[in-house]
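Undergrad: So for the sequence shown, the UniProt record's numbering puts the first residue at 1; every next one is plus one.
I should point out that these hints are in silico values taken from the structure, not numbers from a laboratory.
Even for Gly, the Cβ is constructed at its ideal location relative to N, Cα and C.
Wrong hints could be hidden among the right ones.
[Said to hold, decoys possible] Taking CB as the label site, the calculated pair distances span:
hint, residue 1, residue 2, range
1, M51, A223, 45 to 53 Å
2, E127, V227, 55 to 63 Å
3, A131, R177, 49 to 57 Å
4, A145, L238, 16 to 24 Å
5, E150, R95, 21 to 29 Å
6, G83, A157, 27 to 35 Å
7, E150, Q39, 43 to 51 Å
8, R213, L63, 29 to 37 Å
9, L52, Q117, 28 to 36 Å
[As the list claims (entries may be wrong)] 16 Å max Cα-Cα, derived EDC-like pairs, lysine to aspartate or glutamate:
hint, residue 1, residue 2
10, K209, E230
11, K224, D239
12, K97, D57
13, K97, D58
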Amino acid sequence: MPITLSDLTLDAPAPLMSQLVWVGTDSYTPCGASFVGPQPELIDACMADLMLFLQRDDIPVLLQCALAHAQFETIHPFADGNGRTGRALIHAILRNKGLASHIVPPVSAGLLHKTDQYFAALTAFREGDAAPLVSVFTQACQFAASSGTELITQLEAQLAHTKQLLAGVRRDASVWRVLPHLAAQPIINSRYLQSAVGLTKPQAERALKTLARVGALTARNNAKRNVVWEHRGVLDVLDAYAARLQRQ
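Take these sequences, add in the hints, and give me the full structure.
TA: Below, the structure written as structure tokens:
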């Protein structure tokens with residue numbers, strides 16, 4: 001399935017620009033800017049050329065991602081949101097090319113892990129040297145693969161621990177249907193279990209009480225009805241992972 005311009009503009013913050021855009025100074029003048037985008041009348045042609053580049057299948061996918069991302073950031077077609085849209089483009093390409101069809105590897109987080117190196121690579125790319133960019137992108141992919149694998153391992157360990165806590169609970173109990181959902185949704189309530197897991201209200205309430213009784217879930221509020229529960233172990237793993245992804 002080819003990538004189209006609509007894939008980029010669907011969630012974009014603004015239409016393609018009709019005025020000059022720059023980065024690194026005030027909004028009144030590009031003097032002193034760290035980067036000035038193309039003249040507005042060139043943007044449509046630049047984006048069309050980028051779309052043609054994305055249709056190619058004779059380039060290694062990760063190399064294509066790196067070059068397409070850098071070119072999008074160089075075209076800078078929007079007044080705001082070019083960074084996050086350009087990073088989303090990476091994941092759109094990975095999915096389109098079949099390299100990541102079921103997950104979203106944190107490649108963009110890897111790029112921003114060392115921002116100075118990333119911005120220097122973009123500058124070198126705009127000056128005609130793509131080697132630093134490819135190096136930075138490769139490091140970002142390695143970071144995404146290693147940190148993502150570590151995250152999955154830690155989440156699996158949390159679910160395994162919860163299974164141990166549930167030892168002795170009969171195997172046909174509804175709580176076992178809840179367990180696989182906790183990694184993706186560590187904050188739950190009865191309504192969520194009814195809609196997402198397909199439990200009846202009594203089944204959902206029993207499952208929550210069982211998880212709370214063994215210490216797997218703790219209440220986030222003091223309400224008598226519609227209590228919201230959290231799996232603190234999963235949340236701690238996610239919080240630690242998010243802290244690791246912070247910009248440096």
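Undergrad: Indicate, hint by hint, whether the structure satisfies it.
TA: Hints versus structure:
no., hint, verdict
1, M51 x A223: 45 to 53 Å, "51 Å, holds"
2, E127 x V227: 55 to 63 Å, "58 Å, holds"
3, A131 x R177: 49 to 57 Å, "51 Å, holds"
4, A145 x L238: 16 to 24 Å, "18 Å, holds"
5, E150 x R95: 21 to 29 Å, "22 Å, holds"
6, G83 x A157: 27 to 35 Å, "34 Å, holds"
7, E150 x Q39: 43 to 51 Å, "45 Å, holds"
8, R213 x L63: 29 to 37 Å, "53 Å, violated"
9, L52 x Q117: 28 to 36 Å, "30 Å, holds"
10, K209 x E230, "12 Å, holds"
11, K224 x D239, "28 Å, violated"
12, K97 x D57, "8 Å, holds"
13, K97 x D58, "11 Å, holds"
Going through the hint list in order, the structure does not satisfy hints 8 and 11.
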